[in-house]
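Sequences listed follow chains A and B, in order. Numbered according to this note's numbering, the first sequence spans residues 284 to 916. Numbered according to this note's numbering, the second sequence spans residues 243 to 342.
Hints in this document: simulated from the structure, not taken from any laboratory. Mixed in with the good hints, there may be bad ones.
[Unchecked claim] Chain A is faced by these chain B residues, among others (derived, beta-carbon under 10 Å): (1) Leu314; (2) Lys317; (3) Ala318; (4) Ala335.
Just so you know, even glycine gets a beta-carbon here, dropped at the ideal spot from N, CA and C.
Chain by chain, the residues:
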Amino acid sequence: MNTMMLLEMAAGGFGHRVAFTDPADGSSITYQELYDAAGAAAHEIRASGASRVAMLDVSNLAVPVALFASGWAGVPYVPINYRLTAEEIDALLGRVQPAYLITDDERLTSLAGRAGLEARSRSSFLAMARSGGDSHEQRSMDPDDVGVLLFTSGTTGVPKAAVLRHKHLVSYILSSVEFMSADEHEAALVCVPPYHVAGIASTLSSVYSGRRVVQLANFSADAWIETARREHISTAFVVPTMLSRIVAALEGERTAGMAHLQSLSYGGGKMPLAVIEKAMALFPETDFTNAYGLTETSSTITVLGPDAHRAAAAAEDDAGRRRLVSVGIPLPGIEIEIRDDEGGVLPTGERGEIYVRGEQVSGEYEDRGSTVDANGWFPTRDAGFKDDDGYLFLDGRADDVIVRGGENMSPGEIEDVLVAHEAVADAAVVGVPSEEWGEAVAGVVVAKSGVAANAALVAELQGWVKSHMRSSRVPERLEFSDELPYNETGKLLRRVVKARLLEPETNVRASYPLLYVEDIERSLAFYCDQLGFTLTERWDPNGRLAWCSLTMEGAQIMLQSAEPEDLTGLNKGNSDVALFFLCADVDSLYEKFRNRGADIAAPTEAFYGMRQLTVDDPDGRRICFEHPIARKK
Amino acid sequence: MASLAAGKRLKSAVCTTEIMVIAAPDGDVNLCCGGTPMSDGDGNGAALDPDFADGTAIGKRYVNEDGSLEVLCVKAGEGSLAVGADALAVKDAKKLPKTD
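Chain B extracted, bound-state conformation (with noise of 0.2 Å):
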């Protein structure tokens, strides 16, 4: 368990999905993959849990119920992203004009 900066890159320790941190209550939060907690480091060979196996998609949003935690999945994986046992929702996407 780790607290959670806004910028901060974390790895499955099961599949290969990453994420950034884009915001982050306050205080120490469980983030897992594949239901086992993410980390800096390389994978500790931990099994895919299969309740937490609907897998992640690069580019998406997941976001907790009360929206304080919003993480950016930058390369995608079997796993699927949890706080503890309550499930990442994936976040809708914006329809914005393009401006630049």
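Just chain A, with the same shape it has in the complex (with noise of 0.2 Å):
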């Protein structure tokens, strides 16, 4: 069992068929010559005693010959993720070699002579490979043959290895695909990177289903849509984040305009169901698939099809809607259990991890071996539960992995990064709901003692992080508590922190009063800087700010500047505007303004019920926050 006879059946069957296109520079092949140049290039990767092929670059015709051609030589294929630093990259590369290593010109610039690397430019590998003659290289056969290795985006710091065995790799096209499924004139779009696992299925399911692939290698939503438009795409796939500039990008057309799109499948994150919904509307031709699957399981296990996306979308109750965001139901071959943290197997409905088992689940990591168990359940970390009917839901990481974009990344990074600033004594970080990215990081910061946990404060420590890590570990949000919720055994409840940061703070009671204030810029950094509300609108005649509009958590108040005759009367003070807002917790609020640095009174309650806390702004106004005395745990 081996990747290269899924590419020797294509030849074999359709090999006039175009296999790959790279729109780039116009480059195709066809399947009869990619199984030539694998052929060639099989003998090369084997001459050079390379222990590993590395893929270092973007999608490109170079990538689907040196996938298949390391099947046929036997030598694991690497493909590395070029958005990492040079230092990233440096380690992983001192990780598989010997390689033979395929790149883009300016890296083989930068990598020629290191040690321990047969370095190709994209280019001379692809003249290399093409040019080559028949080639009768025997291949092994031995399904337990490595065929991938995927580097995981690195949960504690160092990435692992994924290793994926070519039975994993066959055993998940055999169960998903059906040989030459697709007709001549179909051609799907792949945007994923060929270092992501659904890089690696969707070369391998277009080719065993005869589709021509045509390569995005960088994704904007404009490339994606002008691209599809004219290469008249049939298929895609696309991770959520993708889907959601897609459909941002359409906005304000009725449609897609694009009848030749069959289906397009979305996986790798959390879809938000605003956006599948928009997608739906502006794609009304398209199969929609979403699909779930891991590094470790040879991509797809679950799949929610076309049927199940049209019977949600016209579903008149609550329940039947939310199967929108289901990820389906097993593949076939493909068994799911949700299991407590025991180990035992949980009730329909009940949240806990999953766990999955089938022929195409790796679940082994290089030089840590695998974590399957004997019966051969793989433990996904992915934490979800089952309906009725054995949809699957995903609800978050069982280790609260953030993923970000289809990129998953460690809260515990991200502290850590955090608790080396000098103003900060204690941090926790966790994901909160994104409609952009799924999810997206934020964080509460215990500030050291006489530091003033303001927002300079907070644009420092964004700062801060981002000269660190990658921007995308840059904390969206962050917030200031007196202290970080701990367990008895000093396990910090992330699940606490994530709640205590989805809690609305505040909802708008009276709604749009018009203030007249002495100081209009006085006024301004008061409600925005010490209360949090955020400037939406100013006017500025005479280079002078007159009027501004200001919201807060749907609350919203309008600011101007008054003439002297204003500020009689009813108008003094507005001492009978009162403003009221609803919150949910005045005592966090209380700490939080005193973070900032306001100067205010403890909460109070009041006779009727309420727990109050008043704030006075610069005019002498008073703003009260309050809730139900009932309310509060």
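Hints are included, so try docking the two chains, each in its own frame, into the full complex.
Written out as structure tokens, the structure reads:
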């Protein structure tokens, strides 16, 4: 069993069809040419004595040639994330040598002469492979040969190399794709990078089904839309963040005008309901499929198919509609169980860790061995539950890893960087729901005593993280607190942190009052810096601020610079325009305001059953935040 | 006659057919193509038996009656597959959504 067998069948069954097209330079390769090129490249790879074939490049024709050639040569294929820093790439290359490396011209220059690397540029590799003659190299059919090593995004600091053997990859294709099921005119747009398991899976499944692959090296919504229209794309796979951007780019259009797009599948993270609903409206002729899978499972293990999408979208009840955010039911040959912390199988509807079993499931890491148990079950570290009909719903990670835009990141790594800052005593980082990214990074920081915990410190800490880590790790939101919640064994309760961050702070009660203020710049600073309002609109006739609009969690107020005559009578102090805001927890709000530097009195209880926090603005106007006493835990 | 393990690749002795074993029962299986046992070597010059000459199709899966043996045709030929004298049947194609 070898992935090369899939290409051999493709070349035998429909060798004249175009297999891959790279619109970046207009080049194409047919299945027969791909087969011949893989044979020639396999010969050179074997001759090099390399232990790994490393691919450090964006999508281009060399990627499928190298993937199949490595299978033919019996040398594991290792695609490396070209978006990593130079140091990170260097460390990974050190782990795969002696390696036969294919990369772009620029990197080739910087890597030239490095020990343990036989490096080729993309163009010289392709030229060598495509000019090779008939190859009669033997190849192994041992199902246990290692096909692909994929570095996972590194939740513990050091990336783990997931081991996918030929039997896992071939089993996945044989159970999920029917040979030559695509007709000659079908084309798939592949925009996931070669180092992602979906990039490997889409290459193998397109080859086995006989679809032409159009490679999109660098995703942007505009490039995706333009390419899909120009190439009459019939099928595509995107991660939720990509779909969110495609939907945003089509804003204002009634439909995407892509009747040729028969199917659009997505996966790799949580899809927001609003995005998939908009996408289904924009692509009315398209079949949507949600595919859930992991690197360690050779890609997809469950699918929510087109019919389930349409039924959920048309459902009248909430339970029916909620199925739109389900990841569906297992592929043939895949079993799923939900288990508790002790390994016991949980009943329908209960949240626990997702376990999976099947021939495509590897669950093995280089140098660490297999994490699959004696009965073949692999713990995914994803959390979720099943509904009455067996539909699987994802619900975060069992180990709290944040998945932002398809990228896994460990909260611990970000916390370590935050705590290294001189103003920080403690920090907790969690993922919070985000329309754009699936999850966004948010955190709660305990400032050292004597440090002003204000907006300036938030900006300082964001800059600090950015200077130490990739920008995707920068918390989009940072709150301050006096302490973090820990359990008795000292384990940080991230769920509690998350729940606190997700609580709505305030709800408008008296909305849109117009406040006349004596010194508008001073009031603006008070509302924004001390209370946390956001400036949404301002009017500066003659270069001076005369009017502005502010919001906070749905509450909205307007400030207007007052003429001296306005500051008399009713308008003076607006004493009867009482600003009452309903909020979740006035005590935590009190802490927050104090951390921002406000000099205010502690919350009190009103006789009519409300716990209240009052703040006086610079004009002596009283602002009251409150919640019913009974609601407080 | 040989025991068959998943992943094993066999050739017909009488035509161009090649198969890969997907699943096999324990013990020896007399897998034939065109009326002659298959092997991992080249043909032995035997003639195609007209009773087993319906042909094989690339990409199709073939199963025995109880489903314990399943093979994938990776190269087509004129012979047809059988265990001893019992012909294998084509397994129905599954209808699957495109996942990636």
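A quick look at each hint next to the structure:
no. : hint   : result
1   : Leu314 : holds, 7 Å
2   : Lys317 : holds, 6 Å
3   : Ala318 : holds, 8 Å
4   : Ala335 : holds, 5 Å
Of the numbered hints listed earlier, not one is contradicted by the structure.
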